Amino acid sequence: AQTVTQSQPEMSVQEAETVTLSCTYDTSESDYYLFWYKQPPSRQMILVIRQEAYKQQNATENRFSVNFQKAAKSFSLKISDSQLGDAAMYFCAYWGGGSQGNLIFGKGTKLSVKP
Amino acid sequence: EPEVTQTPSHQVTQMGQEVILRCVPISNHLYFYWYRQILGQKVEFLVSFYNNEISEKSEIFDDQFSVERPDGSNFTLKIRSTKLEDSAMYFCASSEFSSLVVGGNNEQFFGPGTRLTVL
Chain Y
1 AQTVTQSQPE MSVQEAETVT LSCTYDTSES DYYLFWYKQP PSRQMILVIR QEAYKQQNAT
61 ENRFSVNFQK AAKSFSLKIS DSQLGDAAMY FCAYWGGGSQ GNLIFGKGTK LSVKP
Chain W
1 EPEVTQTPSH QVTQMGQEVI LRCVPISNHL YFYWYRQILG QKVEFLVSFY NNEISEKSEI
61 FDDQFSVERP DGSNFTLKIR STKLEDSAMY FCASSEFSSL VVGGNNEQFF GPGTRLTVL
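Note that the protein sequences, when read in sequence, are chains Y and W.
In this text, residue positions in the first sequence follow the working numbering: the first is 1, and each later residue adds one.
In this text, residue positions in the second sequence follow the working numbering: the first is 1, and each later residue adds one.
Accuracy of the hints is not assured; some may be wrong.
[What the hints assert, rightly or not] Pair ranges (Cβ atoms, derived):
hint	chain 1	residue 1	chain 2	residue 2	range
1	W	Gly72	Y	Gln56	36 to 46 Å
2	W	Asn51	Y	Lys55	46 to 56 Å
3	Y	Gln56	W	Lys78	19 to 29 Å
[To be verified] Derived DSBU-like pairs: lysine-lysine, alpha-carbon spacing no greater than 35 Å straight-line:
hint	chain 1	residue 1	chain 2	residue 2
4	W	Lys78	Y	Lys78
5	Y	Lys70	W	Lys57
6	Y	Lys107	W	Lys78
7	W	Lys78	Y	Lys55
[What the hints assert, rightly or not] A few chain W positions that, by computed beta-carbon distances, are all more than 12 Å from chain Y:
hint	residue
8	Val4
9	Gly40
10	Leu46
11	Val47
12	Asp62
13	Asn74
14	Ser87
15	Gly113
16	Thr117
For the record, the hints were derived by calculation from the structure and aren't laboratory data.
In this text the structure is predicted, and so the values were computed from the model without any measurement.
Glycine included, every Cβ here is placed at the ideal spot set by N, Cα and C.
Based on the provided sequences and hints, a complete structural model is requested.
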């Protein structure tokens, strides 16, 4: 069975600095998607960034980028120029190509941003 | 921007009672999902729904649970006889495509959740 592991329950970053959130996963599939979702306090989860496993190039979305290491089954999220609004719970998620939508989530990392 | 909505935001019920959690997915989406998050734990998949039938379900989704799309806009999750361990945040999500469509927009959009408290 696929699993997703986020080893950092909490992280803290100074405003304008860079922070990296870790995620590892386990799968025997070759085709899948990986996601980072952000959940602000009392708000719904929103998609931050997506990576298709068949793409070698790391995905980027403005200040957010990933380091996707397929062989190592690692998918870390880098947030550059951190802003106060980045404070949230961040979930790494896996979606297998053979499933009809079963997102498998990690436990999440709570990110605090210090002014 | 279209959003997934859920009602109620908070539901308190007595153990053994039936509850129905409601969701309105984004209008052009075809795939619907329920997830739950017990306090302090990870978000867990419950069920996916497409073309008026369940596509996939987890071990959590036992006979006490059912889903329905009664009128073409709402998507409901019913728990027939609630247990204390059903207390959780329940998230509805929808997507335009499933993961099987390469290059398609398979992003799942989540609702704000319903906090279910079973006493």
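Tested hints:
1. Gly72/W with Gln56/Y: 36 to 46 Å: holds, 42 Å
2. Asn51/W with Lys55/Y: 46 to 56 Å: 29 Å Cβ-Cβ, so the 46 to 56 Å window is violated.
3. Gln56/Y with Lys78/W: 19 to 29 Å: About 45 Å separates the Cβ atoms of Gln56/Y and Lys78/W, which means 19 to 29 Å is violated.
4. Lys78/W with Lys78/Y: violated, 39 Å
5. Lys70/Y with Lys57/W: holds, 27 Å
6. Lys107/Y with Lys78/W: holds, 26 Å
7. Lys78/W with Lys55/Y: violated, 39 Å
8. Val4: Not fine: 8 Å to the nearest Cβ puts Val4/W too close to chain Y.
9. Gly40: Gly40/W not clear of chain Y: closest Cβ-Cβ about 9 Å, inside 12 Å.
10. Leu46: The claim is violated: Leu46/W sits with its nearest Cβ about 10 Å from chain Y, within 12 Å.
11. Val47: violated, 9 Å
12. Asp62: holds, 16 Å
13. Asn74: holds, 18 Å
14. Ser87: Label holds. Min Cβ-Cβ 18 Å, cutoff 12 Å.
15. Gly113: violated, 7 Å
16. Thr117: holds, 16 Å
In terms of the numbered hints stated before, the structure departs from hints 2, 3, 4, 7, 8, 9, 10, 11, 15, listed from lowest to highest.
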